[in-house]
Amino acid sequence: MTSAILSVDKLHKTYQGKPLLQDIGFTLGEGEILCLLGPSGSGKTTLLRLLAGLERPDRGTIRFAGRDLAETPPHRRNFGMMFQEYALFPHKNVWENVAFGLRMQRLPAAETARRVEEVLHLVGLEGFGRRAVDELSGGERQRVALARSLAPRPPLLLLDEPLGSLDRLLRDRLTGEIRLILKSLGVTAVFVTHDQGEAYSIADRIAILQESRLQQLAAPEELYLRPANRLVASFLGLTNLVSCTLGSDGLLHSPFGRLPSNLPGVEPTDAGTLLLPPEGARLADDIEGQQPGLVIAGLVASRVFQGATYRLVVDSCGHRLAFNLPLAPRPPEAGMAITLVVKKGSLLLLP
Amino acid sequence: MTVRRLLFLPVVAFLVLFYGYPLCAIFLHSLLPEGRWDPTGIARLFTSPVYARLLWFTTWQALLSTALTLLVALPGAYVFSRYRFLAKGLWQALLTVPFVLPTVVAAASFSALLGAGGPINTLIMAWFDLKRPPLAADQGLAVLLLAHVFYNYSLVLRLVGSYWSGLDPRIREAAATLGASPWQIFLRITLPLLLPAIAAAALLVFVFCFTSFGIVLILGGPGYATLEVEIYRQAIHLFNLPMAAALSLLQLTINFLLMWLQARLGAGKQLAFFTDTARDGDVPAAGWRAKAAIVATLLFITALLIAPLAALLAASLQGEGGPTLAYYRGLFSGGSDALFFVAPATAITNSLGFALATTVVALCLGLAAARHLAAKDGAGSAWWDALLMLPLATSAVSLGFGYIIALNRPPLDLRDSLAMVVIAHSLLAFPFVMRCILPALRRIPPSLGEAAATLGASPGTVFREIELPLIRRAILVGAIFAFAISMGEFGASSFVTRPHTATIPVAIYRYLSLPGEMNYGQAMAMSSLLLLFTCAALLVLARAAGKRGETRR
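Protein sequences, first through last, are from chains A and B. Residues are numbered in the numbering used here as their position in the first sequence, beginning at 1, plus a constant of 1. Residues are numbered in the numbering used here as their position in the second sequence, beginning at 1, plus a constant of 31.
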């Protein structure tokens with residue numbers, strides 16, 4: 002990784018006595034795309050607004066390129082920001098919207114024109130300059146907003162749920178496009194979203210914000226495969242969490258049986274959590290050979306067809322677990338007994 | 032933010048100096064007339080039967096006016112909120128005329144319609160072959176009530192009508208599917224939902240009629256006086272300043288009580304009487320009953336609104352020997368040696384000058400106030416909001432009176448200053464301007480300014496590049512309002528103008544109270560000019576409002 006260009010240290014922010022952000026610290030390398038991911042109310046938008054200078058932290062520092070930004074108002078930071086709902090200027094056309102930041106930099110008219118055309122081309126909106134913004138579709142507005150924030154070539158781009166108000170299909174297409182555009186320009190970016198899929202496909206690294214704290218900061222795969230704690234795991238949809246203890250026999254005692262304690266994850270303790278990934282289970286009959294694993298016998302509570310997989314909810318030993326199983330062999334339907342094996346290698350120990 | 036705060040200070044200073052200070056002067060004058068504690072003036076208000084009768088008359092004429100207005104306007108509100116008919120927009124535009132029509136013009140119109148030489152009397156005399164006009168009408172209670180209905184009809188129609196058309200029709204449909212008959216739906220669903228709007232409108236009408244000045248002064252005749260008229264009479268004719276101050280104090284107290292009541296009713300929320308009502312769920316009239324209702328409503332509006340205004344225009348062109356332009360010519364020529372003579376041409380230039388100055392001052396104050404209130408960190412903005420609206424609810428006559436007793440000596444001696452009129456008009460106009468601009472400012476999402484800031488725009492640039500263009504129409508509407516208010520203002524002007532600073536309404540009043548056909552004709556001619564000006568202003572207003580619709584996001 003290149004050296005850190007943005008560094009945030011011990012950031013605190015409260016609003017009306019309620020903590021919004023507590024002890025936030027991270028660094029970001031040049032050209033890196035960071036996603037702030039978390040449920041609504043987790044403080045991710047607040048963090049973005051602090052970076053933009055639209056709000057002031059109660060404590061802590063934000064440094065960019067070695068400079069403390071505490072006393073720099075937003076219009077002197079030269080960061081780009083893309084807003085939720087885009088905040089396009091309704092009284093200006095596409096061209097004027099995109100040119101706004103360049104005009105603020107007092108660039109010569111010719112240079113401004115060149116840069117506007119360039120960035121409109123980049124987002125695939127050549128020839129849209131004269132359009133009024135209220136004539137644009139949602140996707141086109143989103144592109145204009147991106148173009149407007151990119152035009153002044155900001156050293157840091159902040160994006161606040163930029164795809165939030167688009168429909169699913171458009172969203173999936175634009176997520177990929179945004180990453181391509183950002184990477185082609187080599188922009189350093191912080192991207193706020195509540196949608197994991199979006200975060201996985203755009204980010205180099207993902208910061209999970211929950212309960213006003215930074216819970217984990219990791220690359221997408223690592224995040225999903227090794228969530229740091231129960232909170233992160235359940236936010237990512239990894240809900241098969243059961244308590245386990247370290248027995249005097251040196252084995253882990255779980256409701257579904259004993260396991261060797263050398264599982265991936267944290268060191269086993271007296272009160273740990275065992276994560277059973279939803280993709281980790283197979284029907285017992287379907288296992289070839291004798292793969293070691295955790296055997297789960299129970300009743301099928303529901304079976305829902307989901308396209309590529311079945312979503313199976315199973316009640317076993319007082320726990321309700323959910324697994325994604327292949328279409329064949331067909332798992333039993335609701336009300337039937339079932340025996341599953343969860344591969345040992347896929348289990349994870351959480352604190 | 033700090034600049035915004037700083038710009039709000041002049042507004043506060045203006046309010047303190049030109050609202051608070053005159054009111055304090057009234058207070059002091061009524062309780063300490065000679066600089067000593069002497070509440071006998073106040074005491075006389077409550078002991079003398081003369082003032083009890085005055086207060087009683089003021090109250091019951093207002094009550095009666097309100098009841099009459101509701102009676103005729105509610106059916107109209109139904110028709111306008113429910114049906115689509117020919118040239119509805121035009122009728123709605125016509126209904127806005129009384130909002131900005133100067134009271135003096137309205138009074139002159141009714142005098143023209145129902146006066147001795149007016150069309151109604153002439154018609155009746157011709158039909159029944161009478162020698163003398165049957166209606167001694169321009170001086171009487173009936174005319175006064177009629178003029179109040181004229182003024183407030185469209186207010187009720189718009190307030191209640193827009194609320195009515197805003198009611199979700201699905202509520203009625205739901206009631207129907209649950210088995211309610213149309214009559215039951217009206218009684219149990221529509222009426223209870225409408226009641227807040229009706230109550231708010233009624234209270235507003237009551238306040239207007241209670242503080243009615245020009246109408247009563249001109250049409251009421253010597254027999255009828257409201258509190259406002261009596262304040263004027265005591266101060267100007269009898270020069271009994273302590274008594275006038277005592278009456279003003281009473282009037283102000285009642286004003287504030289009514290205002291408080293209005294706030295309690297949440298009536299302020301329904302005050303948006305300049306919203307476009309075009310979007311209502313109009314249905315085409317089906318069946319003879321609906322058609323009859325529409326025709327009856329439109330006929331009524333014609334009789335109530337158009338007839339007096341037409342009579343005014345006719346009277347301004349009608350001499351004893353047939354059609355003539357003599358009155359208009361008279362406005363711009365000749366003079367008189369009479370005491371208190373006001374040259375019409377002077378009055379017209381005065382009015383235009385004052386109106387222009389008022390527009391500028393009121394725009395600055397209104398914009399600064401609106402920006403303060405719209406800021407999300409605007410301290411105590413709900414409180415300020417109410418406070419800034421106070422001048423609107425304050426009797427203009429009392430204000431004018433306060434000005435002449437407070438601003439006539441050091442430290443603030445404005446007796447001979449032209450600024451006095453402008454200040455009074457600005458005080459009455461800027462809350463309107465603020466009301467026009469504030470919703471437009473609040474509609475701007477904060478993210479627009481923030482987006483501009485992240486793109487490098489300083490707060491000043493954000494105001495110039497983002498806010499100002501987006502509230503341009505609202506500013507235009509506010510400016511027209513301010514201009515029209517200043518052109519038509521009579522209550523305060525009747526105190527603060529001097530012969531050489533007289534405005535058009537003041538001049539009209541003078542001409543109406545002088546004998547002679549020429550004077551009456553010139554009053555009609557000047558009123559007609561003011562009427563035409565008002566209509567022109569409304570036209571611009573309607574176009575501005577129309578264009579505002581186009582640029583909606």
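Don't take each hint at face value.
Per the computed footprint, the stretches of chain B lying under chain A, defined by three or more beta-carbons under 8 Å from a beta-carbon of chain A, are [to be verified]:
| # | stretch |
| --- | --- |
| 1 | 171-178 |
| 2 | 341-349 |
Using C-beta positions, here's what the derived DEER-type ranges look like [to be verified]:
| # | chain 1 | residue 1 | chain 2 | residue 2 | range |
| --- | --- | --- | --- | --- | --- |
| 3 | A | Asp196 | B | Leu224 | 40 to 46 Å |
| 4 | A | Asp196 | B | Cys566 | 36 to 42 Å |
| 5 | A | Thr73 | B | Cys566 | 40 to 46 Å |
| 6 | A | Glu86 | B | Asp447 | 24 to 30 Å |
| 7 | A | Glu112 | B | Gly384 | 21 to 27 Å |
| 8 | A | Asp24 | B | Ala573 | 57 to 63 Å |
| 9 | B | Asp199 | A | Ser166 | 24 to 30 Å |
| 10 | A | Ser202 | B | Pro200 | 23 to 29 Å |
| 11 | A | Ser303 | B | Ala417 | 26 to 32 Å |
| 12 | A | Gly42 | B | Gly491 | 48 to 54 Å |
| 13 | B | Gly491 | A | Glu31 | 46 to 52 Å |
Quick caveat, the hints were computed from the structure, so don't treat them as lab data. As the structure is a prediction and not an experimental result, all values here were calculated from the model. For every residue, glycine included, the Cβ atom is placed at its ideal position computed from N, Cα and C.
Going down the list of hints, with the structure as the test:
1. Counting residues of the stretch 171-178 of chain B whose CB lies closer than 8 Å to any CB of chain A gives 0, which falls below the minimum of 3, so the coverage claim is violated.
2. Residues of the stretch 341-349 of chain B lying with their CB closer than 8 Å to a CB of chain A number 0, which falls below the three-residue condition for coverage.
3. As the Cβ distance of A/Asp196 to B/Leu224 is approximately 41 Å, the hint placing it in 40 to 46 Å holds.
4. A beta carbon spacing of about 57 Å between A/Asp196 and B/Cys566 contradicts the range 36 to 42 Å that was offered as a hint.
5. Distance hint check: the CB atoms of A/Thr73 and B/Cys566 are about 55 Å apart, inconsistent with the given range 40 to 46 Å.
6. A hinted range of 24 to 30 Å for the beta carbons of A/Glu86 and B/Asp447 is inconsistent with their spacing of about 57 Å.
7. For the pair A/Glu112 and B/Gly384, the supplied restraint of 21 to 27 Å is violated, since their beta-carbon distance comes to about 49 Å.
8. Checked against the hint of 57 to 63 Å, the C-beta distance between A/Asp24 and B/Ala573 comes to roughly 59 Å, which is consistent with it.
9. For B/Asp199 and A/Ser166, the hinted distance range of 24 to 30 Å is satisfied, since their beta carbons lie about 26 Å from each other.
10. Between A/Ser202 and B/Pro200, the C-beta spacing of about 46 Å breaks the proposed range 23 to 29 Å.
11. Checked against the hint of 26 to 32 Å, the C-beta distance between A/Ser303 and B/Ala417 comes to roughly 58 Å, which is inconsistent with it.
12. The hinted window of 48 to 54 Å between A/Gly42 and B/Gly491 is violated, with their beta carbons roughly 34 Å apart.
13. In this structure the hint that B/Gly491 and A/Glu31 lie 46 to 52 Å apart at CB is violated, the actual value being about 33 Å.
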